[in-house]
Amino acid sequence: MSTKPTQLHGFDVERIKKQFPALNSQVNGKPISFLDSAASAQKPDAVIEAMAKVQREHYANVHRGLYKYSQDTTTAFEQARHTVATFLNANSDNETIFTRNATEAINLVAASWGAENLTSDDEIILTVLEHHANIVPWHMLREKIGFKIKVVPICDDGAIDLDAYQKLLTDKVKFVGLTHMSNAMGTILPVKQMTEMAKAFGATVLIDASQAVVHMDVDVQNVDCDFLCFTGHKLYGPTGIGVLWAREDVLNNMRPYQGGGEMIEKVSFEEITYKDAPARFEAGTPAIVEAIGLGAAIDWLGQFDTADIQAHERDILDYAIQEMQKINGVTLYGPDDRASILSFNIDGVHPHDAGTIFDQMGVAVRAGHHCAQPLMQALNVSSTIRASFAIYNARNDVDRLIEAVNKVKKLFC
Amino acid sequence: MTKKYTIADLKEVFALMDDWEDRYRFLIELGEALPLMPVELKTEATEVRGCTAQVWMVLLPNNDNKVDFRADSDAQIVRGLIGVLYSIYQGQSLNEVSSIDIDGIFEDLGLSGHISPNRRSGFFSMVERLKTLSMA
Chain R
132 MSTKPTQLHG
142 FDVERIKKQF
152 PALNSQVNGK
162 PISFLDSAAS
172 AQKPDAVIEA
182 MAKVQREHYA
192 NVHRGLYKYS
202 QDTTTAFEQA
212 RHTVATFLNA
222 NSDNETIFTR
232 NATEAINLVA
242 ASWGAENLTS
252 DDEIILTVLE
262 HHANIVPWHM
272 LREKIGFKIK
282 VVPICDDGAI
292 DLDAYQKLLT
302 DKVKFVGLTH
312 MSNAMGTILP
322 VKQMTEMAKA
332 FGATVLIDAS
342 QAVVHMDVDV
352 QNVDCDFLCF
362 TGHKLYGPTG
372 IGVLWAREDV
382 LNNMRPYQGG
392 GEMIEKVSFE
402 EITYKDAPAR
412 FEAGTPAIVE
422 AIGLGAAIDW
432 LGQFDTADIQ
442 AHERDILDYA
452 IQEMQKINGV
462 TLYGPDDRAS
472 ILSFNIDGVH
482 PHDAGTIFDQ
492 MGVAVRAGHH
502 CAQPLMQALN
512 VSSTIRASFA
522 IYNARNDVDR
532 LIEAVNKVKK
542 LFC
Chain P
50 MTKKYTIADL
60 KEVFALMDDW
70 EDRYRFLIEL
80 GEALPLMPVE
90 LKTEATEVRG
100 CTAQVWMVLL
110 PNNDNKVDFR
120 ADSDAQIVRG
130 LIGVLYSIYQ
140 GQSLNEVSSI
150 DIDGIFEDLG
160 LSGHISPNRR
170 SGFFSMVERL
180 KTLSMA
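In order, the protein sequences belong to chains R and P.
Counting in this note's numbering, the first sequence runs without a single skipped number right up to 544 at its last residue.
Counting in this note's numbering, the second sequence runs without a single skipped number right up to 185 at its last residue.
Okay, chain R solo, but in the shape it has when bound:
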């Protein structure tokens, strides 16, 4: 059982948890231990209130009205864009496109940049750690164009195999798509180094930072990639809002992804001219309230020092690994260099069965392939149980997880 106090590294976890109303409810008569934040995180009051405020006080469409409500909402919406740009250390707000989620951001890049720049003679590289969101759009484009997809494998411990990556890089490689952090195992990829390696061959690099932005600083200028995306709902923000980052010259040389209102300069039935980014890629009324909610989430997270968050989450992960290793017949997946995710299996127990029993005990985890079937094949499993930790989790959540694992073993083994 945990002996450490919950107040660690300069912040009080219990106080943080109180700011998340959904974490103070009960499941099956027990308080919830929410260990599925890698799928979608809970929302703090600050986000819920920011979204309610705009709708209660001055809601209107953005970029259109001459009246005060529209101007106030436009200001809040563009302030959210500025918050995102600062969060990523972008050079300009114009480098930040609001999308529906990371999936849409990657589909945008594939459909717009990919369709214009890739040919049947080219090769692209993805890693076996990718979420389906960074596999399927490229597969769909390959069906149209016919380029080759090469896959970077992992080492036995689950770390990315950099030697194999180096060997896959050739002059034919025009694009490299990398997750910054595996959603299924927590593996952190050395994206700065991998981007530099790709650039040596002139390849364009996209980073899926959906998991990473929650747990570490992500600086687009430092990584020096071409595209970077993340989703809002894993970052304690709302669903329906994501971000694509790219430099202005890159964006303004790309064809629009979708057509509609707000993204055009002039329209006639003979000719249409498009606005520059970000409007170029934001056809139609955007997710106004959600964008403002995302800005509020980033502001909320900004009150903490990233190093403190990392130390806190690492402490929980290390404690979970240590306690899990004491149980016979449990297989853990993932290398040392990872963040906040514990993927495991209990010998002889289907993850679906384990997840159902965990739920009875008020412990919410994900059981399945985590939208990463190629990785499951590489690990030679059909699925795993994934406990993922966030800023509001504490060692007592791990204690309840361990208790649930022991109960499952009692019931099934």
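The set of hints was computed from the structure by calculation and includes no laboratory data.
Glycine is no exception: its CB is placed at the ideal position from the N, C-alpha and C atoms.
Listed next, the in silico DSS-like pairs over lysine-lysine satisfying Cα-Cα at most 30 Å (straight line):
id: 1; chain 1: P; residue 1: K53; chain 2: R; residue 2: K541
id: 2; chain 1: P; residue 1: K60; chain 2: P; residue 2: K180
id: 3; chain 1: P; residue 1: K53; chain 2: R; residue 2: K538
id: 4; chain 1: P; residue 1: K60; chain 2: R; residue 2: K538
id: 5; chain 1: R; residue 1: K161; chain 2: R; residue 2: K540
id: 6; chain 1: R; residue 1: K199; chain 2: R; residue 2: K397
id: 7; chain 1: R; residue 1: K541; chain 2: P; residue 2: K60
id: 8; chain 1: P; residue 1: K60; chain 2: R; residue 2: K540
id: 9; chain 1: R; residue 1: K540; chain 2: P; residue 2: K53
id: 10; chain 1: R; residue 1: K541; chain 2: R; residue 2: K457
id: 11; chain 1: R; residue 1: K305; chain 2: R; residue 2: K323
id: 12; chain 1: R; residue 1: K161; chain 2: P; residue 2: K60
id: 13; chain 1: P; residue 1: K53; chain 2: P; residue 2: K180
id: 14; chain 1: R; residue 1: K541; chain 2: R; residue 2: K161
id: 15; chain 1: R; residue 1: K275; chain 2: R; residue 2: K406
id: 16; chain 1: R; residue 1: K275; chain 2: R; residue 2: K298
id: 17; chain 1: R; residue 1: K540; chain 2: P; residue 2: K91
id: 18; chain 1: R; residue 1: K323; chain 2: R; residue 2: K279
id: 19; chain 1: P; residue 1: K115; chain 2: P; residue 2: K180
id: 20; chain 1: R; residue 1: K148; chain 2: R; residue 2: K457
id: 21; chain 1: P; residue 1: K91; chain 2: P; residue 2: K53
Residues on chain P that point at chain R, a partial pick, calculated with CB under 10 Å:
id: 22; residue: A102
id: 23; residue: Q103
id: 24; residue: S122
id: 25; residue: V127
Given the coordinates of chain R, work out where chain P should sit on it, guided by the hints.
What follows is chain P alone, placed relative to chain R:
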């Protein structure tokens, strides 16, 4: 193939159990008591696409218009839920299948969480598959 429990038996047994652990233990036993589904019947055609657990289901042909099905899963709780379905549907006349109030029965058994909110799950697909097969 005779049934071990009728649906009335199940309701009685579940009503006696106030502990969720006992209910799940019983479900697991129910799954273990299911007639075996021969491995050659577990094909792509009989697989019911779900999310996490694998499920196969097939309706065996017979002459008296009664439901005679075999199903299996690689997850024990899902196999137990198949056991519940077995108690409900096995031996019923084919044209009665779609009129059975499956949601109500699961509600009575305290298992509604496994069926109601998760209409996209493999388990619900299994009920739909059974209805489709019985109408074919």
